[in-house]
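**Q** Each chain is listed here by its residues.
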Amino acid sequence: MALNQQETAGQDAGGMMPSGPAYHERVVARQRRGRAWAVIFQAAMLAGIIALCALLLNILNQSFGYIAIVNNIDPAELAVDGVPLDRLPKDNLVEILEANVSAGLMRRYEHDMPFAERSRENVHELILERVVEPQVQATWGLFDSLFVRGSVFAEAEERYPGSDVYFRSWLTTSFISKSQSSEPLRAGVRTAIFGSLWVVAITVLFSFPIGVGAAIYLEEYAHKERVLNRLIQTNINNLAGVPSIIYGMLGLAIFVRILEVFTSGAFLGVGDQSTANGRTIISAGLTLGLLILPLIIINGQEAIRAVPSSLRQAGFGLGATHWQVIWHHVLPSAMPGILTGTILAVSRAIGETAPLVVVGASTFIALDPSGPFSKFTVLPIQIYQWTSRPQDEFRNLAAAAILVLLILLLSLNASAVLLRNHFDRGQASA
Amino acid sequence: MDLRRKPRVGESIIQGFLFLCGAISVLTTLGIVYILGRESVLFFASEEVNLLKFFGGTEWQPAIGRFGIWPLVTATLMASLIAMTVALPIGLCVAIYLSEYAPDRTRSILKPVLEILAGIPTVVYGYFALTFMTPLLRGILGRDVVEIYNTASAGIVIGILVIPLVSSMSEDALRAVPGTLRQASYGLGATRLETAVRIVLPAALSGVAAAFIVAISRAIGETMIVAIAAGAGPNFTFSPFRAAETMTGHIVRISGGDLSYDSIDYNSIFAIGLLLFLLTLSLNVLSQWIVRRFREEYE
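Line by line, the protein sequences give chains G and D. So the first sequence is residues 4 to 433, counted in the numbering used here. So the second sequence is residues 34 to 332, counted in the numbering used here.
Among the clues, some could well be false.
To spell it out: a stretch of chain D is covered by chain G in this simulated footprint if at least three of its residues, at any positions, have a beta carbon under 8 Å from a beta carbon of chain G; those stretches are [stated by the list, open to error]:
#	segment
1	152-162
2	267-278
Not the full set, but computed from the structure, chain D residues with beta-carbon under 7 Å of chain G [to be verified]:
#	residue
3	44
4	127
5	281
6	284
7	287
Quick caveat, the hints were computed from the structure, so don't treat them as lab data. Ideal Cβ positions, reconstructed from N, Cα and C, are used throughout, including at glycine.
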């Protein structure tokens, strides 16, 4: 409709300009249309910001809030001489545990680690796990908990009589320091964080040297006219657009299957022999390495291209070889750009989920990874698994894990920005 | 003193090594093509499958040997279509706003906001789709209309995910249009809107079109959002409010379980992968071709 009007307006202008009041009217109409669309453009911008806010608020909403708990045994009943469970010394705690669980289980605990060596916290934990046995009945979001507290308590009273309702932050220090558990109240992301760090370390070790090397080759050595070099360049641009899940399938077929002897650690005789297969940290790291390689190369090329050619010519003029010029002059001044690009690529790798599901992240790992040949899980995988569970409490765990992931990514990105600013200032003063 | 160029072994070795680094990217592509191709050939060589059934069938039930790709394709296209109806108008409007309307200060604040949106991992978007968008849709349209898992909410959230992609690529294209064109337009009495929509946008059309196509390719290849929010189990349906599994979602679900090599399930995900790869690759190539072919050069 708007277009039609403009079309006729254009024809009029070509033929005969309206004059007088008609002209004035048209100007007013055009300006009105201009203002209306300006509002639409701003609304679009606002929609984007609202989406971002909704996303973040939704995660905060799920990370904190009231939960209703039913305990198998009320901790208050376990108090000894009026001293609550939380403050009892270790000896009392061991007695309580002995009184409430079977002798066989006690022997198993003793076998795993003698009670004499266990810490008070550890025994306290066991009591919570085996004796108190808290069960989450329901959870509420942060906003319900803040603004309609009354109805939260009323609902809990009505639907879960006898339950204990309290405010819980799902993101706590113990959430970060504890490993995975099938009990939502005791589950943590420790193994996932270690897994992510291991995988990313391998990703960087693999893709940074190769990516920078390729960028140097394409910018400093390659003759742009040669078909082979053009092919490499086009290929890199296309690789950057390949869906990440395809890389997962490449990793599954090559690293997990064909190179299984190497990626399972069997060729070194390390790795868990009973379950040795290629679904290890190193396979995941290499897969993500291939995934972010095009990003690192493209960013590296831009950084190297930005180095003024006078620098190179000065080097050549003093008789330096090609590599000397690159190593001593081009690379140092391109490094901030290369590092910034690398950090951004790494934050992409940290957030990747799909390729790692395909490569074969483990669904449940309670032990910290011990090296590149361990089975692994990573933060995004953990989030995915918790999200896929139907129970609300796992959604809350997923939200808390998302907060951990976002904080990690945010600090990485902030360091990239700081790095860039730092070097920019350094160059300005030099 | 001999000043002739000396052969330097070290230099040649370094150059050779750097060339290898560049060649790894080509090897990656060859690897992808080889792996996807090989497993797909094995897939189509098995007795239960042939190309006609694959591209003609409307039922994907590996358990009973039905391998018709259409349920997965329709779900993929539906989610992408919904994503595009969200992302293209909003992304383009944002780009026009940032490039033609926003003052520099506002722009310098808003651009990082969009970059944050672009930097959030897709699994977080998947969580957002399932725990926010789906309840929202069910609240608005009714719980019996909208299933818990549905392509609509996944599609909308994919749309939000690709808004920054569309807007930043389009904005780059719009800003590359020289200011003299705008000045000339203003000089002839055009309003800001007329300048933006009838002068700058047509001049930047190739870049904007390329952005749109890349966005489509990104939406088709998007995995985690659909894996979490769109549902498990192929379903030949055209209703966006029903659960349906996309190509990427299917690959993730099948490979997430215990998958034995050389089974037809294993081969089948590579056949889907090959289709996905060809689809996204041709879209990406198309977008590059459009940029090259239709770019307006202003010197």
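**Q** Taking the hints in turn, state whether each one holds.
**A** We went through each hint and held it up to the structure:
1. 152-162: holds (count 10)
2. 267-278: With 0 residues in contact (Cβ-Cβ under 8 Å with chain G), the coverage given for the segment 267-278 of chain D is violated.
3. 44: Because about 5 Å separates residue 44 of chain D from the closest Cβ in chain G, which is inside the 7 Å limit, the hint holds.
4. 127: Residue 127 of chain D check passes; min Cβ-Cβ to chain G is 5 Å, inside 7 Å.
5. 281: holds (5 Å)
6. 284: holds (6 Å)
7. 287: violated (9 Å)
Comparing the model with each numbered hint stated earlier shows that hints 2, 7 do not hold.
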